[in-house]
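Chains as they are written, first to last, in the numbering used here: chain D, -18 to 457; chain P, -18 to 457.
The hints are simulated quantities; they were obtained by calculation from the structure and are not laboratory data.
No false leads were slipped in.
Covered by chain D, per the in silico footprint, the following chain P stretches (three or more residues, Cβ under 8 Å):
no., region
1, 163 to 175
2, 423 to 434
For the chain D half of the interface with chain P, some residues (derived, Cβ under 10 Å), not all of them:
no., residue
3, V141
4, R148
5, D274
6, S275
The beta-carbon is built from N, C-alpha and C at its ideal position, and this holds for glycine as well.
There are 2 protein chains.
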Amino acid sequence: MSNTAPHPLLQTLRERLGHAHVLTADQTDLSSYEQDWRKRIRGKALAVVRPANTLEVSDVIKACAQARVSVVPQGGNTGLVVGSIPDASGTQVLLSLQRMNAVRHIDTDNLTLTVEAGCILQNVQQAAEQAGFLFPLSLGAEGSCTIGGNLATNAGGTQVLRYGNARDLCLGLEVVTATGDVLHGLSGLRKDNTGYDLRNLMIGSEGTLGIITAATLKLFPMPAAQLTAWAAVPSVADAVKLLGLAHQHLGAGLTGFEMMGQFALSLVDKHYAHLRVPLWQDSPYYVLLENSDSESEAHARERFEHLLELAFNDGCVRDAIVAESLSQTRNLWHIRESITLAQVDEGLNIKHDISVPISSIPDFVAQTDALLKKEIAGVRLVNFGHLGDGNLHYNVQAPEGADTAAFLREHEDTVNTLVYQSVRKFGGSISAEHGVGSMKVDSLPDYKDPVALHCMQHIKHALDPQGLLNPGRVVR
Amino acid sequence: MSNTAPHPLLQTLRERLGHAHVLTADQTDLSSYEQDWRKRIRGKALAVVRPANTLEVSDVIKACAQARVSVVPQGGNTGLVVGSIPDASGTQVLLSLQRMNAVRHIDTDNLTLTVEAGCILQNVQQAAEQAGFLFPLSLGAEGSCTIGGNLATNAGGTQVLRYGNARDLCLGLEVVTATGDVLHGLSGLRKDNTGYDLRNLMIGSEGTLGIITAATLKLFPMPAAQLTAWAAVPSVADAVKLLGLAHQHLGAGLTGFEMMGQFALSLVDKHYAHLRVPLWQDSPYYVLLENSDSESEAHARERFEHLLELAFNDGCVRDAIVAESLSQTRNLWHIRESITLAQVDEGLNIKHDISVPISSIPDFVAQTDALLKKEIAGVRLVNFGHLGDGNLHYNVQAPEGADTAAFLREHEDTVNTLVYQSVRKFGGSISAEHGVGSMKVDSLPDYKDPVALHCMQHIKHALDPQGLLNPGRVVR
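The whole structure should be built from the sequences, with the hints applied where relevant.
Here's what the structure looks like:
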């Protein structure tokens, strides 16, 4: 089609949504929609549409289905696996949920919150807090990611140990299907055994089975106190041992358990010296623990001291501090979260978001470290993550002083294969919390059970027979 | 076919499984397999097959698929919605998982337990306990139901408030699909975002999408102490208020919150006077609270006393006792669990397993009580259940002295319709924890979102195109 004869679909969409909410590249800079967050790939959309409500989403899908034009849903576009930008063809409609950002309802007796898909995660957290409750989903991108994207990708984050993934925090969904029908499932029910679990099927399907337009989420009582501790541990195995003790003695109070390797912390010390990373020269591994107490800060401290004394006597902790104040608690989290940026300052590296059973983590780390060091002399491993969930961000950094770009060019494929094969050996997952998107869709068949893949393909075909919803993501 | 010419499928099955494990009515009394637990319906199987392992299950499904014979999976046959017995045709194969009862693996560092589908729930609990951990799924039938059945029906029980339904306790499944292929998904991973959530799709699908043959389950640290309290509350609304306070002040220690109406307790007092139901003449409603403490019994008691003092001052609790000993704790649970049998002693009634948002429970109870009392003079309501989950067993008993059979005949349909319409009005579910089975499959279209039902039908057709797995259950 030429630039002068408008696409008939665009005319239909403009009639339904209004001209201001059907954006095209000849009028508007679409780069924030067309480029992924890590700026790896730039796609090209036929148009970006911004519906204001569920009915408009339904209209968009119906119009696109009739025109056989595929649709790529997008929330905050902060995904890490290139799952929410259009391909390069210029034929796909990018459906942005950002205008659907209302908090529809808070039900404090039912401990639920109903929000639209385009709500920024931080705004969801704040709405909960203003009502006196906790919405515990928490992750680095919370200032710009949307709850719809969090659910579509089953986001993880730092509170999974206690509260679960995004999936576990959702009681009901409103979804627009591939035919443009609206599935009204905004239930605030904690128990409902009337058929197949469509909610969990939609969650984590990355927009390939339906468009999530709203969700009913769980609220939790606000803890009376949150306290952190920082422990130097002699080995990964000792970190696992400490986790077991923490589960036993803190119970559900244990809301965070993050492991960090010494090299990861050395990068924070190097690039953000003002953060004053505690104890980091003493030990190969460190653990950040968080205790959320329903009683008081004094009680939280007493429980931490009891736990750490047991751990000292056991030998699985070498040295430890308990935060003295809320600001110190925040600073310890800030150190943990600064690892990501410290890596950027050190130069691009090869990132992995993997999980293995927690019991296998010590062997996984030892064996994979050794394989990589044998393969690439001087390679540096930035190993940190959510040990309590068996989830490591196991990243591979070029040797000191090496040319980063050359390192990536030369080693990226080999390193990925080596790490993923090691993950497979230990029965793990090559995408613990980031999803599949476009980036991992072609490696999935090498690491996923083939019967599971077949079931996925059958389900995709059953719910989206024309293949119009986010094609090429999750399953081919 | 005549009785003398054996069905060719039976020959095949006998070759694969051995003669001893393919049972037919001419040789064996099959009533325990063919009749549902509440003895409502008796079916007739072509044969009962009892495979010993996953490969044999796969063989059975392949042979049945080739012969186009449908298969009804069965665990302990304790279901309440007639979902695991054959129909009356004499053409279905009843697949009993009871011989597959091994505990395959316990991984204490990963807090997981891998068991076969035919394991009795109580044995799963005991295996966990012997390893020093808690497997929290707990329900009345635990001495005879199987974990495979619990997962296939997403069983609830008394610990859902803290630990969730069966679904929430499962990390991975091994499943034989409708084609007889084995889906190897026995992951011990807490995070895995590599595609659609097939685990949760299978859980709760009542054997209509695949046969669960094994599962990896979550373990929890054993609480240091479990203590119960018993509170007389002036109204349902006060019970809801007490729930909010309990969430706030006990946090995740709150592991049970059961509400019981005075009439339900009067039946226990009448038929089991030796249980000495506390305080039951004082108040229209009562709450049994359980506090699981990771510290000590003294701490649990102190937290309870703190909570109850706040509740007294607020007025939402009129009188209360905290159990003085483990035996008193058990006795309070025993009273709660005796409501089911006390109803039987009083005469059959019309049972409902419904859920509504917790915030709607006071209005739901008031309005539905009033409608029923207007419809049937002298009707008695046995209202009790898991208030913390929004799940009530809202049962309707004949007026005192009435003929029970005549009452059921005359009123069952009207009462069901009236209760279910009230449930729908409050956005609730007509089956909170028991499932759909055959009993509710035909009323589902009246109470379930039509788009959700369509999606379910598409999924059923995609994963079981011949309709051989437990046909006529969940979806038509």
